[in-house]
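Just need the whole structure built from these sequences, with the hints factored in.
Numbering follows the working numbering, in which position 140 of the sequence shown is assigned residue number 140; successive positions increment by one, without gaps.
One or more hints might be untrue.
[Said to hold, decoys possible] Derived lysine-lysine pairs resembling DSS-like cross-links, with alpha carbons at most 30 Å apart:
no., residue 1, residue 2
1, K36, K212
2, K316, K470
3, K416, K191
[Said to hold, decoys possible] Okay, the calculated beta carbon distance ranges per label pair:
no., residue 1, residue 2, range
4, E114, L73, 23 to 29 Å
5, R391, T115, 37 to 43 Å
6, A3, A556, 53 to 59 Å
7, R420, T115, 21 to 27 Å
No lab work stands behind these hints, which were simulated from the structure alone.
Where a beta carbon is used, it is the ideal one built from N, C-alpha and C, also for glycine.
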Amino acid sequence: NLADIEALERTPLEERIWSWDVNDWIRRGWERDPDKIAIRFLANAHPEDEPLCVTYGELRHRSNQAANLFNSLGVRSGDAVVFLLPSYPELYIIQYGALAAGVACCINWMLKAETIAELIAAARAKVVLALGPAPGFQIWEQLESVRERIPASVRVLSVHAPGGRRLEETDFATLAARQPGDRLIFERKAKADDLAAYVHSGGTTGAPKLVKLPHRGFAFKCWASTLAWGLTSQDTVFTGSPLFHIAGFFSRGIQPAANGMAMVIPSALGARNRNFVDHHWALVERYRITQLHAVPTTLAVLAKNPPRGEDLSSLKPYGMTGSAPLPVEVAKELERHIGVRMISTYGSTEYTQNVTQAPRDGEVRYGSTGIRLPHTHVKAVKLDRQGEIERECATGEPGVLVLKGPSITPGYLDPKYNERLYTRDGWFKSGDMGRFDGDGYLWLTGRVRDLIIRGGHNIEPAIIEEALIKHPQVLLAAAVGKPDSYAGELPIAYVQLAKGARVTGEELAAFALEHIPERAAAPKDVHVLEQMPLTDIQKPSKVLLRHDAARRVFSAALAEAL
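What follows is the structure, given as C-alpha cells:
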C-alpha cells in the first residue's frame, strides 16, 4: 500500500540505484550464470517445437560482437542504431549491442515504408538493420522501396532468418563474427541523462513520434519494477511482446536480462502467432513459466479458453497486464480458472513503461491500475485554458493525469511536439483521464480525446465497455461517439464475439442498458464485427472505429436525402 511506498522513499533514490548506466544492469544479469539458457526460441509457438537455445554466455559474447561492430561503423554515444526485426533471438542481441554502443531504436516493421523512412531520418540513424529476404515477411523489400530516402552515409545491414536468403555483403552475423566477443573494444560509461533509446509512440492518432528515453529511466525501472513485480533469476517468462513497444523493449528485453531470467520466445511473430493462444497453457506447462504477462486482448481470449488439465503450478499467484484497461470480468474469469490475480498497470512509452501497478501482495481492486511506484508522483488535476494546473482534483473526482518522476521522458526528439508538454512547474501532461480513491488507487476513465460528449455531458467509454464485456458471448468491446446534429455525439459500441457466439447488436444494446448505471451512456447502437480493428500494440483502434461511425452516419444521411 502507499505506506510501503512512503517507507521505501525514506532512503534516497541515489542510494538505491547502484549504476545509472542500464548496460551495467544488463551485464550483471549476464554474469549471474553464463551457462544458463537465456533464450529459447520456438519456430511456431507449439509445445512440440524443438527450441533453439542461447546461453547467457553466448548472449554476452554475441551482444559484445554487435556493439563492437556498431562502434566500428561509427556509432558513438548519442548515435542511433535502428532495427526492424520480428522476434528472433537476433532482435535481443542487436538491442543489447545498440544500447552498449549508442542509442537503440526499434521501429515497427509493419508500418508503411514511407513512415519507416521518416522515422529513420528523424532518428538520424548511423546504422540500420532489417530482416533480410524471408518467407512470410516483406521487411527487406519494404526498406529497399524507400532506399533512396536513406542517406548514403547510413550503413544498412541485413539479418538472416531461418529459411531466408543470406545477403553476404550486408549480412549482420558475418560482419559481427569478425569482432571480439569477450570484451568491448571501446570505453563508454553512460551518464544518467545520456539517451539510451528512441521508442516511437503507437501512432494511433497520427504519425508515430520518437520518444527520448535516457539511461536514468531504464536504470530506475530495473530497480523499481524488479521490486514491485518480485522478479528473480529463477523466473521464466514469455517474451512475445514486440520491442518497438515500450513494454517489450523494457519488460521483455532489458528486464529479463538484467535479472538473469529465462526467456521463451514463442515464435518470430511473438504472441501474434495464433498457436500461442491455442497452446498457451501447454506452453506454460512445458517451459514452467512463472509469470502470466499479456495485454488485455490476449487475456480476454485466454479467459474464454481456460486450461484443460495442464500443470500450471509454476505460475506465481499474480500476473501482469497493461497497455489498456483490463475488463473486470476478464480478470475475475482468469482468477477463477487458474488462481492468478492479474495486476493491472498504468504506463506509456513516455514513462519508460508503467508508473502505477496494483500491489502484488496487497489488494488488487479489479478495475483500478493500482498505486504509484516509489519516487514517482501521479495526480489528477483540472487544467486551465493555457494548459496549466488550476487545481488538484478531490478524492474520487476525475481529472487529467500529470506526472513527475525519474522515468518520465524529457520530451520527443522532434521539438515541435514538446510545446506545452509540461506545465510551468514541470508536470508532464499525459492526456489521460483518471481519479484516485482514498487509498491512492488510480482508476482510469479514458483518454481526453476518447471522451464522448453528449450535449455537453462527458461520458466515459469505459462505462460502456465494462458493461458489454460482462456478456458471456462478448470477447472485445470498444465505445466511441458518433456525430449527431443535435447532441454533438451519441455513444455507440463495437464488439467482437467469442468463438461460436450468436447474439445480435440489438440484444447487446438491451443488455448494456440494463448494466450501465448512467442512462445517457447507454449505446444507441451496438455493431457486431467479425474482427475488432487493433493497433500495433493490440488495443482496439478507436481512430478507425470513429471513422466507421462517421461513415455510417454520413451514409444514412445521404440515403435519406436521396
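Against the structure, the hints:
1. K36 with K212: 33 Å, violated
2. K316 with K470: Within the cut-off at roughly 26 Å; holds.
3. K416 with K191: 26 Å, holds
4. E114 with L73: 23 to 29 Å: Cβ of E114 to Cβ of L73: about 25 Å, so the range 23 to 29 Å holds.
5. R391 with T115: 37 to 43 Å: 40 Å, holds
6. A3 with A556: 53 to 59 Å: 56 Å, holds
7. R420 with T115: 21 to 27 Å: 25 Å, holds
Consistency with the previously given hints fails for number 1 only.
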